[in-house]
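> Protein chains in written order, with our numbering: chain H, 7 to 543; chain V, 85 to 750.
Derived by calculation from the structure, the hints in this document are not laboratory data.
Given the structure is predicted, the values throughout are model-derived calculations rather than measurements.
From the three backbone atoms N, C-alpha and C, an ideal C-beta is built for every residue, glycine too.
Hints are supplied without guarantee of correctness; some may be wrong.
[Stated by the list, open to error] In silico SDA-like cross-links for lysine to any residue, where the CA-CA straight-line distance does not exceed 25 Å:
(1) H/K200 to V/A365
(2) V/K370 to V/R176
(3) V/K386 to H/R190
(4) V/K374 to H/K212
(5) H/K212 to V/D740
[As the list claims (entries may be wrong)] One-sided excerpt, in silico: chain V residues whose CB lies under 7 Å from chain H:
(6) A121
(7) Q125
(8) Q569
(9) K570
Below are the chains, spelled out letter by letter.
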Amino acid sequence: MPAPTQLFFPLIRNCELSRISGTACYCHHRHLCCSAPYLAQSRLRYAPHPAYATFCRPKESWWQYSQGRRYASTPQKFYLTPPQVNSILKANEYSFKVPEFDGKNVSSVLGFDSNQLPANAPIEDRRSAATCLQTRGMLLGVFDGHAGCACSQAVSERLFYYIAVSLLPHETLLEIENAVESGRALLPILQWHKHPNDYFSKEASKLYFNSLRTYWQELIDLNTGESTDIDVKEALINAFKRLDNDISLEAQVGDPNSFLNYLVLRVAFSGATACVAHVDGVDLHVANTGDSRAMLGVQEEDGSWSAVTLSNDHNAQNERELERLKLEHPKNEAKSVVKQDRLLGLLMPFRAFGDVKFKWSIDLQKRVIESGPDQLNDNEYTKFIPPNYYTPPYLTAEPEVTYHRLRPQDKFLVLATDGLWETMHRQDVVRIVGEYLTGMHHQQPIAVGGYKVTLGQMHGLLTERRAKMSSVFEDQNAATHLIRHAVGNNEFGTVDHERLSKMLSLPEELARMYRDDITIIVVQFNSHVVGAYQNQE
Amino acid sequence: MFYRLLSVARRQRTGRGWQNWSSGRSSASAAEAHSVALPAQAQVVICGGGIMGTSVAYHLSKMGWKDIVLLEQGRLAAGSTRFCAGILSTARHLTIEQKMADYSNKLYHQLEQETGIQTEPLLSSLLRRMPDLETLEILKLVNCPETFTPDMRCIMGESPAVQGYFVLAGMNSAGLSFGGGAGRYLAEWMVHGYPSENIWELDLKRFGALQSSRTFLRHRVMEVMPLLYDLKVPRWDFQTGRQLRTSPLYDRLDAQGARWMEKHGFERPKYFVPPDKDLLALEQSKTFYKPDWFDIVESEVKCCKEAVCVIDMSSFTKFEITSTGDQALEILQYLFSNDLDVPVGHIVHTGMLNQGGGYENDCSIARLSKRSFFMISPTDQQVHCWAWLKKHMPEDSNLLLEDVTWKYTALNLIGPRAVDVLSELSYAPMTPDHFPSLFCKEMSVGYANGIRVMSMTHTGEPGFMLYIPIEYALHVYNEVMSVGQKYGIRNAGYYALRSLRIEKFFAFWGQDLNTLTTPLECGRESRVKLEKGMDFIGRDALLQQKQNGVYKRLTMFILDDHDTDLDLWPWWGEPIYRNGQYAGKTTSSAYSYTLERHVCLGFVHNFSEDTGEEQVVTADFINRGEYEIDIAGHRFQAKAKLYPVTSLFTHKRRKDDVELSDLHGK
């Protein structure tokens, strides 16, 4: 399935929505700012566009729709029943258990649970998980797309191949290259663990393969003969940079096939952050580009849970990133390079794949857009050059890599897009997952300070607490459990069914204002295996 | 009627049938009225005077046998035959059942003339004239026992244990329909040694002692009964009486999503449902169209073609024949049509033929040593093949035949990467120079010793069969799966195997081959030692056939204008039309994921346009025809082939065609 374009749509939509329902909602579409003055103009100058029509209802019908539902005035009418809530929450859940063949396949990873809850339509988040077949280790990643899902989709399909190839020893690369040359069957590199909804682009498969092959051919040529241990950190950095470079090159070169040509341009003009974990035995590497996050769940000796952050957000809240950007550009740009907490006043994450608008020279952007297909030429967003654009590139896909040596008390890793982290504190995330996975609930006294609580409400809380003891909300998937909390938690930190039901019954057009796409992978570690590693030394 | 009728009446009904049989007989002369003294001996004794017994007696007498005794405890046709509604349905599920019913229909018309009985037409005319009679109240409701079988088909043939003991029973409420035909085939069998049609599907020997447990019969028969009136969809699996025989890997495979079918009591994997992939509910999955497992089997087939798959094929029947001297080789040379005097370590594909040159069994035999052979046959051959060998082998304490089916777990490693997996596990080179095709070697795999590794896959794809002593099965499987990971290994099932073998034109016994098809009729002359001057069963028939030409020829058909998604699928038994004339029926079919077409195998006959008589079929005759396959009344164009499509045997691909997905583990 081709990934539908959304280059322009989110901007328009958010502007209109904020005008329509200005109260009580705060704009969640944070990656790309919608309040900059140029956007008002661009909206006015907007020419009707076929891609737009397919995804956005005309304004009038939207009004009828929302008024017909009378969402705001009588919300209780539209409550979803618990089974309906469950079917929405579980639609994208996926679990994988590492197969063990009686001690043959010992892995420090027990398995993982993952899930996604869309707010955008279609969802712009992506997730990937795969086992490296020719080297040891497992790769897991979440990708948060912006300005459409084309880039996040491409990165979710391709990045792990670039990583796996970067990790391959010289002989294996040679063997694969020879197999391609002589038409033999290739050694498989990755065993994917995909939900049926996680698709691969069939059309671009050959193009992607050719770019990847060029990469490994270069790695083969670069080999100096002195075989050294491959450094995982270096491999991760190379892979990220190389893929972003290929995305950029493919868009510049174009493709004779008009569908592919449009696809590579959409990939390059949209963007995506990536947070990827590589687990091999006790060696855990996290490569992060952007504002998704990797959080380690650690169980202390007293059984309580604490969170260890394994990635740094690349955004305006990170002093070091602000510093980096200022250093990378002339002094006179110090005020314009980050404005209103956004890169050039526009982009929330300070590192990302794609987004060539923040990477290419103005000349190159104009040239590619002019020679590109009409759809691209007609698109105001792609044509728009960011203000104060003097010394590109302003954006990089280079990841920050952190290393952590797993200990027996490290029970799980949560990878999630910012949709989760902006609704829940990391400590709560780790506690909820920890309690879910161990089946243990450290009952904390219900804190009511600061709120007026009626006896009825308190009764409700206590009843719910009892229900929770018996069924843990019947979730079989830690990520689903987390989403249930992220969306349904009330002021007291417990899931409020009414609230959950309300949030999930928001019409497509409104959902994005109350929450962002949420994508979560919970990787569970095998403490016995991790402990055995430790004892070996 | 030429046979003597004997009614053995019993005065007292103190017990049940057989226990009272001897007392009944001894008191027969003292019994009432028309009892006759029993003869001391007879050529044939038929027990039971219902429609079956009388039909067999009738046909035997028509064929010239005179010395027949028919025993009946009460009156003729007084059992279930009497209570049957008189309905003769000629729309049957199986071809052979169809033939029996058709014949019965004709026979009863003829008998009407012979005997003048016309009850049924009389009643119909009566009801037509006085329809009010239809509403007449039933005064007496008759409830009498009927016989059912575990697979809804009747039981017919000679007992594998007692020579000369023939059985015809288990009519599943269709006794009247089958009576005439079934009686005739059994009579032929008794008189000539074989029936004139292929009755394997009804043969008593398709069952073994394993299907005779009371609990099994009780459960299965309760399932069978309503199914008789159900629509017979292809690939139906019984739900009861399952998990009787299983491989030691059953649980392991089941946990990985295996869906099972049963043959001869043995559970075999059909395909493996990936996690998170839902199939239709049982009822919804009944279809004559594209089935819900289509994509699953496709990915298994693709993995067999490009990487490596494991199929648990433990259900295969496995015999060992050993001797102290040359006795084993000598008897096998006589019983099998291909030359078995091959160097130790070679595997021979060969038929076990009857006097008519037809396949009683089609098997692979490995020569383990000078004096010992390992024989692999289809699953359902366990009883039949054993009985056949026992019948033909001399009583010789120096010649030993052993059924080792239960001793070995068989894993089929299919695909271009099988060689990598196995060489890694055995520390031995497995390339064709070291391990040529159709070769058998005992070697170690992982920690386990004495694994019989054979370079064959029953599909024409590269790979190996591993015959593993069962105690090592789990170990070897775990090793294979673990090492195989980096080659993209996955489990596969019999549906993938079927697609692979049919697209390569591999005929299977029991589906395409039977007792009435000869090696020459399916292009297997190279598997027959006609030129070696050695005698073997069926040789004369084959020599004659070679001189005169064959009257039917197994042909492969590739459907051209068939829409896999929208059209009804072929399964088996579809009529083949050559230049618009009926020319035969298909025997099996499968979707070929490589050719992206349906492939059917079937026999083409050459019926004379004037007389309908069968004429010689030549290769030229096949090649010159325009073919159509009729699926449920719609004819599809088909290309006929006498040899498999050669491009299927080469696995090269152009480097321009490689995709990212080729690097996925399967």
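> Now, for every hint given, state plainly whether the structure supports it.
Checked hints:
1. H/K200 to V/A365: The given pair, whose Cα atoms are some 23 Å apart, holds under the 25 Å limit.
2. V/K370 to V/R176: holds, 19 Å
3. V/K386 to H/R190: holds, 14 Å
4. V/K374 to H/K212: Roughly 29 Å between the alpha carbons, so the hint for V/K374 and H/K212 is violated.
5. H/K212 to V/D740: holds, 8 Å
6. A121: violated, 72 Å
7. Q125: Since chain H brings no Cβ nearer than about 64 Å to V/Q125, farther than 7 Å, the hint is violated.
8. Q569: holds, 6 Å
9. K570: holds, 4 Å
In this structure, the earlier hints numbered 4, 6 and 7 are contradicted, and the remaining ones agree with it.
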